Amino acid sequence: MDTDTESEAMYIVIGGGGQVGYYLAKELIKQGHDVVLLDKDARRVKQLKEELGPSVVIRGDACEVRNLEEIGCGNAKMVIAVTGDDEDNLVICQIAKKHFNVPRTIARVNNPLNVRLFKKLDIDMTVSPTNAILSMIETQIPHYSLIHLAELHRAGLGLVEVVVPSESAISGRTIRSLDLPITVNLALIIRGDEKITPQGDTVIQSDDHIFALATNEGEAALRAIILGEEDSEEPDDTEGE
Amino acid sequence: MNIVIVGCGRVGATLASQLSKRGENVTIIDQDDDSFRRLEPDFQGQTQLGDGTDIDVLRRSGLAAADVFIAVTNGDNRNIMAAQIAQIIFNIPTVVCRIYDPKREEIYRKLGLTIISPTTIGAGAILEKLDEKTRQNVAQARR
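These protein sequence lines are chains A and B, in that order.
Just so you know, we're using our numbering here: the first sequence kicks off at 1 and counts up by one.
Just so you know, we're using our numbering here: the second sequence kicks off at 242 and counts up by one.
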């Protein structure tokens with residue numbers, strides 16, 4: 001049987017170094033756990049190494065068995081998959097569970113329809129930002145232009161709601177074309193009664209209520225992009241125009 | 242037979258065209274409208290624009306009534322997820338999934354998926370050809 005040693009330090013592997021992965025790693029390290037974070041993107045890995053330490057962050061695809069072998073995934077007590085792609089999160093957790101016998105796997109699920117699939121496939125825990133926000137709305141939290149969830153806030157992330165103005169330059173454009181910074185994570189769009197899971201090809205319309213997880217800088221960038229407010233203190237790393 | 246194919250690349254389009262020619266009822270799904278141009282002009286089946294790992298899109302494609310599901314997008318993980326949706330959520334009797342990575346092929350074969358790995362098959366075929374050539378050369382040298 002599984003001995004419950006929650007208070008003891010665990011070896012935890014995180015797949016995906018976006019904002020969620022980063023703050024998760026930071027928090028878990030602070031709690032005394034032994035953390036390794038894998039990310040595919042060389043530039044992001046370089047950034048994360050500076051923030052979290054060179055031994056914590058490894059460049060590599062967490063879906064590759066060899067990469068997981070190299071970091072000793074077989075010794076991990078927990079694998080957490082928080083990339084932006086549900087299929088990657090599923091495969092990371094399944095490989096961890098079935099090939100490396102990791103006792104606990106947690107997956108971020110972006111499309112709430114996939115929660116059932118993940119559970120049926122023995123992923124121990126799923127976290128769906130969309131469902132979290134929906135349940136908040138369903139419990140009738142009043143519509144402020146900015147909502148912060150306490151626990152997310154502690155992780156340095158805010159939950160933001162923005163309504164797309166009727167004459168916004170972004171209405172009619174796809175999310176992909178907005179080039180949102182990595183500090184912004186769109187979680188849900190409410191259009192009338194419709195609940196839309198934002199994807200790259202989702203087209204924004206005016207009066208859409210957009211819910212996002214964002215850092216402070218991300219929030220400013222999101223405001224600038226959606227409301228057209230010029231507020232670019234952030235160093236912009238896109239190519240010159 | 243009702244057949245749903247996800248991914249209208251070279252393999253998906255060829256497969257869809259051939260199965261359609263055989264008289265099967267084929268629906269092919271792809272995220273990119275342009276990819277349907279790969280289908281033969283006489284393709285009799287249906288095309289469905291959308292994400293083949295999205296349960297709603299799959300349902301709209303008529304997957305619930307399908308006998309066969311084939312996942313041949315360019316992403317191993319997308320194929321793995323789509324195949325498992327077909328198997329577990331829609332209970333499709335025959336599910337075939339393409340996986341390039343031999344390691345993932347091995348793991349998911351153990352989990353009960355029917356897998357075609359072009360990497361393993363391709364490398365195997367080349368090795369076989371090499372062996373054949375070596376045998377011929379040895380035979381010639383002996384003559």
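Hints are computed from structural coordinates only; laboratory data are not their basis.
For clarity, every value in this text was computed on a predicted model and none was experimentally measured.
Hints may contain errors.
[Claimed, not checked] Straight line, CA to CA, 20 Å or less: simulated EDC-like cross-link-like pairs of lysine to aspartate or glutamate:
#	chain 1	residue 1	chain 2	residue 2
1	A	K119	A	E161
2	A	K97	B	E347
3	B	K351	A	D85
4	B	K351	A	D122
5	A	K195	B	D292
6	A	K120	A	D85
[What the hints assert, rightly or not] Label pairs and their calculated CB-CB ranges:
#	chain 1	residue 1	chain 2	residue 2	range
7	A	L227	B	R263	24 to 30 Å
8	B	Q287	A	S171	30 to 36 Å
9	A	D41	B	Q259	46 to 52 Å
10	A	K119	B	Q287	48 to 54 Å
Note that CB positions come from ideal geometry on N, CA and C, so glycine has one too.
Outcome of the hint check:
{"no.": "1", "hint": "K119/A with E161/A", "in the structure": "violated, 29 Å"}
{"no.": "2", "hint": "K97/A with E347/B", "in the structure": "holds, 14 Å"}
{"no.": "3", "hint": "K351/B with D85/A", "in the structure": "violated, 24 Å"}
{"no.": "4", "hint": "K351/B with D122/A", "in the structure": "holds, 15 Å"}
{"no.": "5", "hint": "K195/A with D292/B", "in the structure": "holds, 17 Å"}
{"no.": "6", "hint": "K120/A with D85/A", "in the structure": "holds, 18 Å"}
{"no.": "7", "hint": "L227/A with R263/B: 24 to 30 Å", "in the structure": "violated, 56 Å"}
{"no.": "8", "hint": "Q287/B with S171/A: 30 to 36 Å", "in the structure": "holds, 32 Å"}
{"no.": "9", "hint": "D41/A with Q259/B: 46 to 52 Å", "in the structure": "violated, 39 Å"}
{"no.": "10", "hint": "K119/A with Q287/B: 48 to 54 Å", "in the structure": "violated, 31 Å"}
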